[in-house]
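The task is to assemble the complex, starting from two chains supplied on their own in separate frames and drawing on the hints.
Residue numbers (the numbering used here), protein chains in the order written: chain B, 1 to 727; chain F, 1001 to 1082.
Keep in mind the hints are simulated off the structure, nothing from the lab. Positions of the beta carbon are idealized from the N, C-alpha and C atoms, including for glycine. A couple of the hints might just be wrong.
Listing some non-contacts, in silico: residues in chain B with all C-beta distances to chain F over 12 Å [unchecked claim]:
#1 PRO240
#2 PHE267
#3 PHE312
#4 SER347
#5 LEU668
Capping the alpha-carbon separation at 30 Å, the derived lysine-lysine pairs in DSSO-like fashion look like this [unchecked claim]:
#6 LYS141/B <-> LYS1043/F
#7 LYS1048/F <-> LYS251/B
#8 LYS235/B <-> LYS437/B
#9 LYS499/B <-> LYS1048/F
Chain by chain, the residues:
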Amino acid sequence: MEHGNNETGTASADGFARKIIRVALAGNPNSGKTSLFNCLTGASQKVGNWSGVTVDIVEGSLRSGSCQLLITDLPGTYSLSTCSADEQVARQFITEKNPDVVVNVIDATNLERHLYLTVQLLELGIRPVLALNMWDEVMQKGISIDCKRLSELLGLPVVKTNSRSNLGMKDLTDAIIEHASRKETSHLFSVNYPQELESVIKSLAQMISQANPDVKNARYDAVQLFESDKEVARKINEAPQGREIIEQCGKYIAEIEKKLGDTPESFIVEARYGYISGISRETVNLTKVDRVQVSDKIDTVLTHRFWAYPVFIVFMWLLFQATFKLGEIPMGWIGILFGWLGDVASSHLPESVFRDLLVDGIIAGVGGVIVFLPNILILFLGISIMEDTGYMARAAFIMDKMMHRIGLHGKSFIPMLMGLGCSVPAIMAARTLESPKDRIKTILLTPLVSCSARLPVFVLFAGALFPKHAGNVVFLFQVLFGFGAFILMGLLFKHTFFKKTDDYPFVMELPPYRLPTLRSILIHMWHKTEHYLKKMGGVVLVFSVVLWWAGAYPNNPEIDKKYEDKIAAAEADMSIDSTTKVSVVAVLQKEYQAEKMSQTYIGRVGKFLEPLVTPFGTDWRGAVSLVTGFVAKEVVVSSMGVLYAVGEGEAENSDGLRDVIRSNFTPLSGFAFMLFVLLYTPCVVALITAVRELGNWKWSVFSVCYQLCLAWTAATVVYQIGRIFIR
Amino acid sequence: MKKLSECAAGDRVQVVRLDGEGVFKRRLLEMGFVSGTGVEIIKYAPLKDPVELIVGQSRISLRVDEACGVIVRDVELSVEEQ
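With the rest of the complex left out, here is chain F (with noise of 0.2 Å):
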């Protein structure tokens, strides 16, 4: 398990859970953040921040310190756990 901030551009993991509360988790539960989801790293911004990412079928972006807030693990991995 790792921290979504910590991810490469091209990575593709599965929401583990939210850390966090209030508007921030809420929102970020709304946009499809649910545990399972899968969520593709698709590029940093040319500063490193925010990063693009698909959740689902969405193409969103979230900034790197709200990031670290999702908890996601590699899908090889729960491929191999199952």
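So that you can see chain B by itself, here it is in the shape it has in the complex (with noise of 0.2 Å):
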């Protein structure tokens, strides 16, 4: 991210001098302005990261004769007012990073909208070069734009492209290395705003000039104050006399507010607007207006009163089969990859804690997160299709009633659902959501829907203690209790945390639809996939080893003298015959394991845990159980195999655990039990990604927090009340 300062460098990788041009793109959602910085990049991308906050800065590079152009392409973003992260960035970006150039990307086809942008770029100081994108569609529709008039009257270069025919990429280069030549005029920018408010944005102007000489457009700055522009007020206030101008435009506005009925702001903006569309009549001419277009006709199914849903859960199942069922195969195969190469290394290395480390830690902990990436590769493929089909949007339009009622958006029904197969990469469809307050939401209440990994568990406890309904019993769980659990917190977050309603309108464009590249969807999907990579991979790693290592460590020899010492004596006992001695010794090994388990960290935790699952009708095994399942879910199965098995025989197979949980849970500690697995954390990869995307350690905590106070009191309050009624 860092390029150190703003002066045009050089660049000698291949030995050639080059002259460095930093550029970075600038646009509204929806304005192709990705696909068409991947035109320009190519491969050669990667992503960034912007002070912590979860929006992606991608970066890539393009040689062009003897100049080397440095692109970053901003978050899409309609406006540069600071009310989004994604706002804030790309307007940080902008005034404190210093590109060269500014490639201000725009829709062509709905030009008023997006030279909005343009305006207060100009305002801030900003000469873009325009590129109207989507050329293609402005032909179709046949919309004519004087592009020569357009580039005379803002004074800034104007380049046609298309990015999906990489039509004018030659010409956008060509315009952006020449703009990066000329010396800048300093000349300022302005739109007139009425004369009322012209006067009062001079005055202030003024006191903020003589406050502070050094303010480079202090007429930008009056004009941020009286748009309420958090950023530039913060500014202000901590330079000189910062309190005093900010008293007095709070005077000012009021005053605009009793003479003209209206804040400054709807001024301000009306006259942007108004600016535009005097350019607009000038360059603008629809010569014939397509008012039934191909979108229109596909909205017809698609938005439709009945057939809407039919055919979005169709591709709910689609998406869901494809990222999970599809995502089975290539998962086995890693699963055996990783095997293979613990197998390998076991026998070729000599026993040792560094081959132990190496299988049991390092292998597997990388395994275990490379396992997952089938899912999320397919996942954001289907996500990338949705989005830049323009399906996402109508999926959000017909969801949102529903999602809205439990406090979030139509677009939180992906992750929700996606929870179903793996809290992962459903955390990581969140991102999916614009507004960080929906996201935050949606990524707390996903991994409450029960995950595949948790079915086992239903499966043996309901098998083991509620026989007759084995099935209803695990439906109940893996589905309407996740689901449940998911709503009833919605409600309660909605109540209480979320209550404040500064709340992001749900103005959601919804763009027209468009067959998507190959490419860009590649791209876009590679993205996400390095992302999980790189964020989580190195984490996710070493939480594994740390508990391998708790679960594997203190070493006792002491045990393993005692136990080794007590299979010898059993098999040298000539009193008992063989079919006896095999089965005593089996029993001697899972004491062993057993003990050997309960003596690791892992196992003193648990242990030391007791008096916290007591209440909920467990003893330590349970207790140390639960601890191993924040490795995964699934393994808490495996923990109570070897737990509880000790001196009941034939535990190895199923039946042989589900006697053993039948004997040692009642239904009820059973029900309490599985409720405290569906509830709690799902697993550390899930943990990890949580956090990571929320990018904020206090939600993180919260959200570890939470889910743990919430199995606890659940698990507690129906096992203690179910006391009462069953005796």
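Printed below as a string of structure tokens:
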């Protein structure tokens, strides 16, 4: 991200000195900015990040003649008014990183709305190169735009582009290079505001420049203050006489509101649009206007009163099946690969701590990270297709009413549904939500939906304790309770932590349906996957090694010795026949495993936590199993197999384990245990994914704590109340 | 004058002003809901919320309770007034 100073430098990677030009791409969402970026830079991209917020900034480079263009794709924004994290990042990048050239990508079929950002850039003192994108659609729709006149009126270079057919890429690069070499005129652009407003803007600007003569563009700051821009207000407040300026501005705002009947920001935005429509009148000519477009025809089915939902369900079913069922195949290969790697390592290395670390810690840990890749790749392939075609917006459109009831957004439906498969890709799918609040809520709630790894636990317990209704009980936990918890907690959050109504309005664009290009879908998909590997991979690996270590250590030679002696004694015992001998040894082996596990750090933590699990009817063995469940939920079953199997004879097969569960749990305590498994943190990978995606430590801590508290409370309440009725 | 949320699918209206404040008002203004802009109501979602609109040349959707904050008038009326 750091390119050092703002001077243009030289690059000499291949021995030739090249002039470096730093370019930023700015534009509205759906302006085709990212596909233009893909066209320009091809595969030479890397995902950067911006000071901890979950806004991706992608960088790429391009060589042209003697110049090297370093291009940064800023987040898509409708404006630069810092209401959202995206806008803040975009504006900060432009003002603080001082790129040599800003390219403003514009959907030429919707010129007026897209020029709004251009006007804001001009006011900021930036002179962008305009890329009139989607030129093919302009032609199809019969819109004619006089680019020469537009360029004259705005005083900016204008280039026609179409990222779908690579049209205008050379022109755009040339324009960028030429624009970079041109000396900036220190001409300050300003829209003319209504007279009453103009006079107060002038007087406030004067105050600002008097208080601080270093301010470059006092008029801009004054206008921003009238628009209640928090960033500028903060900056002014820190400068000399800041308080007085802000107070004066407040007085002016009240004055204007009294005089003109609306807030200054309305008139400011209106004046900008007025300026734009003047330009549009001179340059745009709508010769034939197709009222009924292809998009409308598609929408007659996809957002139809009745057909919308069956179609949506089919798409969701396909997405789910592809992600998890199709994903199982490569996941199997990955499992085999890492199993083989582990075998190879074990057989070629001498028995040592290092070998155990490599095989059980590192190889298993890397395998645990990679194994999610097929899911994430396929899910994001599907999401990219949905987003790039424009269907995502329609899905949100038809689902919003339901999701909004529990304080979420229409787009939250996809993470919720994917939660049934695996919480990790589901949490990542929350990236499609624009508003940080919606994203946080969705990330907090998604792990409550029961993922497929919890299924083995439910199957075991339901089979053991509710044999007559096993199927129903599994369905109850896997589907009803999971979604039930999602809805209830959603309602709770809506009325507590997220009560404040300074929410983003649901102004969601419904872009026309477009055929996505394979290239942009693949790049999009790869970025998400790269993000997962980079951000999650390392941490998950560390955690896996730590969990492995805690589950394998400390070594207790005394226990090893004790059981070795016991087994040897049993084998040497002449008084019992060989079949009894085998079973005696098997029992001893199991006792050995169980005692070993209870001696490890995880075992000790579990034992230590016993007082916490007794309120819902579980003993220390249950607690240890739950702690090991942090590795992955299905591990709960295998841990129970080890811990409860002591002295019970054949317990390897599930029938045996079922008997063991039956003798150690009552239906009630089993029910409470299942409830706990359903509600607590899914696994360490999901936990880390959530923490990383929340990008804010307060919410991260909260997300971990609330799930544990919720699980404990629910299990305990059910158990304690149940005990009153069931004696 | 009426609220945008009171309009039926197919209506063509013109923005008069926005009720509300903060991020909500800001965002709507930026999306082109400035006074005098033409708005066409395309359709309501199957569950009657949100509503699909064409504002200027943009096709956007808005929740019904948010559309309450947009005060509009019929286009024909404004022609007569002029």
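- Go through the numbered hints given earlier and state which of them the structure violates, listing their numbers in rising order. 2, 3 and 7
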